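For the record, the sequence lines run as chains A and B.
For the first sequence, numbering that gives the first Met the number 0 assigns the number 0 to the initial residue and increments by one for each residue that follows.
For the second sequence, numbering that gives the first Met the number 0 assigns the number 0 to the initial residue and increments by one for each residue that follows.
Derived from the structure by calculation, the hints contain no laboratory data.
Treat the hints with caution; some may be incorrect.
[What the hints assert, rightly or not] From the derived model, a few chain A residues whose C-beta atoms are all more than 12 Å from chain B:
#	residue
1	Glu5
2	Arg24
3	Gly56
4	Arg57
5	Gly79
6	Leu84
7	Thr109
8	Pro149
9	Gly173
10	Gln198
11	Glu201
12	Leu202
13	Ala211
14	Glu282
15	Asp302
16	Leu331
[Stated by the list, open to error] Estimated spans, in silico, between C-beta atoms of each pair:
#	chain 1	residue 1	chain 2	residue 2	range
17	B	Met0	A	Ser22	18 to 26 Å
18	B	Ala310	A	Thr325	47 to 55 Å
19	B	Ala310	A	Ser22	32 to 40 Å
20	A	Leu150	B	Arg260	48 to 56 Å
All values reported here derive from a predicted model rather than from experimental measurement.
No residue lacks a Cβ here, since even glycine has one placed at the ideal position from N, Cα and C.
There are 2 protein chains.
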Amino acid sequence: MVSIDEVARLAGVSTATVSRALSGRGHVSGPTRARVESAAKTLGYVVSSSASSLASGRNRNIGVLVPFLDRWFFSMVLSGTAAALMRRGYDITLYTLTADREQRRTVFETFLRRQRVDGVLAISIELDEGETVRLRELGLPVIAIGGPHPLLRTLAVDDVELARLATAHLLGLGHREIAHIGASPEFDVDFHIPTHRRQGFELSLADAGIPARPELFEPADFTIEGGFRAAKQLLGRPGARPTAIVAASDEMAIGALLAARELGYRVPEDLSVVGIDGHELGEFFRLTTVDQFPLAQGERAADAILDEIEAPDAAAPRTAQGEQPTHLPFELIVRGTTARLER
Amino acid sequence: MVSIDEVARLAGVSTATVSRALSGRGHVSGPTRARVESAAKTLGYVVSSSASSLASGRNRNIGVLVPFLDRWFFSMVLSGTAAALMRRGYDITLYTLTADREQRRTVFETFLRRQRVDGVLAISIELDEGETVRLRELGLPVIAIGGPHPLLRTLAVDDVELARLATAHLLGLGHREIAHIGASPEFDVDFHIPTHRRQGFELSLADAGIPARPELFEPADFTIEGGFRAAKQLLGRPGARPTAIVAASDEMAIGALLAARELGYRVPEDLSVVGIDGHELGEFFRLTTVDQFPLAQGERAADAILDEIEAPDAAAPRTAQGEQPTHLPFELIVRGTTARLER
DNA sequence: ACAGGGCCTGTAAGCGCTTGCACTAGCCTT
DNA sequence: AAGGCTAGTGCAAGCGCTTACAGGCCCTGT
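Build out the structure end to end from the sequences listed, making use of the hints.
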């Protein structure tokens, strides 16, 4: 591997000047910089990250914590993050946090402490207090997507409002018997997303003067299959037939769609269904949904953390612990699974 | 951050001994090792990766190249890789290779040359010759999953056999009019996977003495929607109605299932459908498929590269360039979408 | 009893960069 | 005209580890 000395020799300057020319720090005259750059290019020189990190304390590397890689939502956020970081010349080191406490501990106490990253992005991941503390103790910028996290700077959608928007759409179409497919209590580990969405659903009904009816709530597990089963319950039950369903995720909404079809319901004529998330399959199923733009979420978080790292006054944003989460945008996408209630 | 000197002082030994005790290289007596370990634990010491890398040339870090993060198959392979690497104490640095040539070049010429990784895993990614050469020039172990790659050590399933197995299953059930949903030619960039699967399909038919009928082939784009459209073509066409379909991916098979349902076919009574891959949605749709265990593929590749890196005789495996790809296992999973042909 | 050979440990020389400091030269103030 | 600045460059001291080398010790075989 070619080293900085060879570049310095070829360009006829000291290694200090090469370092300054290539990193853009300190003063280097135009012609000198050009000579150095051309020498580096000729030799195919790239700074050694370990030597550079050791000397400067900077890594050009961000640690990203994710709970799963194989779920659509997280993949999208991660995609956005990866693209944005790469654009700005940063590497991304991936840490998958499973439920295995022992392994999680290793991540926080060993992997993240190797001084390999300049900042940490926690994507949609529930952290216990110890983990949060250990994260803060790294002394690095940390940004969480999805929250709230009491002690971390957080970017999150307002799940209550999200669900409220979905529900209001159905109300606006004249529906009154609206069911909700949410999550079983044990799924509520995830920042209470299901709970918040259920709250939004109920608040929206309340706004319209409609009392919540427990028999129109059915828990599921955020999968297509779960949504399918829940919808079968909801639609197969004697009495109380809803004319519309708000599912707390697009996967569950799609499951509901398939269930409805199997039971002979026409969608949207006999039943309206709205989902939440903006899942890629939504388009095929013509699913009306509230999109939360996960790709953009990832990009935004990546840019935010790099801004924080590269900010001259690094102190400012991090002191703002416990601040209100920054709210991310979402949008109702009306497609073909919701329609005005005919009576 | 606590440094090795503090640990040395607390344990009453030299930094050299601390390094040896903690890394397991060289000889350290039992009691000394114990003292060092306890001192390290007390102080919460973790070796600085940059200092360690600079001094030793080892990074405990593997670069992983993927084409997409948001497709189920790649996510699964990556999941497996991440889990296996973490188990063995390695970090994983992720590089997403898009179609943007310029950006790809940066990855090969800058990112990967920062001497940050000890090896590279190329997951299901088509590399042009220049890229392959640059990869080899890194002087690091490289393993590709999915191939073949002429110049790289490769782990891959035999796509011809995969499709052959799927087709043979239908033949074994008595089907003779079997259609195939494969890929449009422009999708063949991916190692000719579609082409190979089509070959397997046709070979299997030939084995049974059945001539290939072009009207029973329909191209699609590997998505549910594509499979749906293709199946509609196949099943809606006058004359030549197939009694079974082999789809080159589970997503397309699911699309076909939905199309069949919409056209009033009962599956599997009127139509058998078999997919390929082992997609998570397969279970819900009761899809018969040939599983290729992507998670295990990722784990296996990770273990293989670590073995190569940690092997005492590092020379051996890498000389074997251009060797035959190691073939990965696959297995027919019979579920509910295929049945014996009733006549 | 003594050479030979492990085992265990310390000393110190780097690994390849970055950056504080020193210095020079030119330019701007006053 | 003198002092003060700033830009541009080089020198050299680290950054926090790893490891070759050397030395001391103890065990073994003959």
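Going through the hints against the structure:
1. Every CB of chain B lies more than 12 Å from the CB of A/Glu5, the least distance being 15 Å, so the non-interface label holds.
2. Against the 12 Å criterion, A/Arg24 stays outside the reach of chain B, whose nearest CB is about 18 Å from its own CB.
3. Once the 12 Å rule is applied to beta carbons, A/Gly56 is inconsistent with being away from chain B; the minimum gap is 9 Å.
4. Separation of A/Arg57 from chain B is inadequate, the least Cβ-Cβ distance of about 10 Å not exceeding the 12 Å criterion.
5. Its beta-carbon lying about 9 Å from the closest one in chain B, A/Gly79 breaks the requirement of being farther than 12 Å from that chain.
6. For A/Leu84, the shortest C-beta to C-beta distance to chain B comes to about 9 Å, within the 12 Å cut-off, and the non-interface label is violated.
7. Look at A/Thr109: its CB is around 6 Å from the nearest CB on chain B, not clear of 12 Å, so calling it non-interface is violated.
8. Here A/Pro149 stays apart from chain B, with its beta-carbon at least about 23 Å from theirs, past the 12 Å limit.
9. With 12 Å as the threshold on Cβ separation, the claim that A/Gly173 sits away from chain B holds: the shortest Cβ distance comes to roughly 28 Å.
10. For A/Gln198, the requirement that its beta carbon stay farther than 12 Å from each beta carbon of chain B is met, with the minimum near 29 Å.
11. The claim that A/Glu201 lies off the interface holds: its Cβ sits roughly 29 Å from the closest Cβ of chain B, which is beyond the 12 Å cut-off.
12. With a minimum CB-CB distance of about 32 Å to chain B, A/Leu202 clears the 12 Å threshold, and the non-interface call stands.
13. For A/Ala211, the requirement that its beta carbon stay farther than 12 Å from each beta carbon of chain B is met, with the minimum near 30 Å.
14. Residue placement check: A/Glu282 does not keep its beta carbon more than 12 Å from all beta carbons of chain B (closest about 8 Å).
15. The Cβ of A/Asp302 lies farther than 12 Å from every Cβ of chain B, with a closest approach of about 17 Å, so its non-interface assignment holds.
16. Chain B leaves A/Leu331 outside its interface by the beta-carbon criterion, the shortest separation being 22 Å against a cut-off of 12 Å.
17. The hinted range of 18 to 26 Å is satisfied by B/Met0 and A/Ser22, whose Cβ atoms lie roughly 23 Å apart.
18. At roughly 48 Å, the beta carbons of B/Ala310 and A/Thr325 sit within the given window of 47 to 55 Å.
19. Range check, B/Ala310 to A/Ser22: about 37 Å between beta-carbon atoms, so the 32 to 40 Å window is met.
20. Between A/Leu150 and B/Arg260 the beta carbon distance is about 50 Å. The supplied range of 48 to 56 Å therefore holds.
Consistency note: the structure conflicts with the earlier hints numbered 3, 4, 5, 6, 7 and 14.
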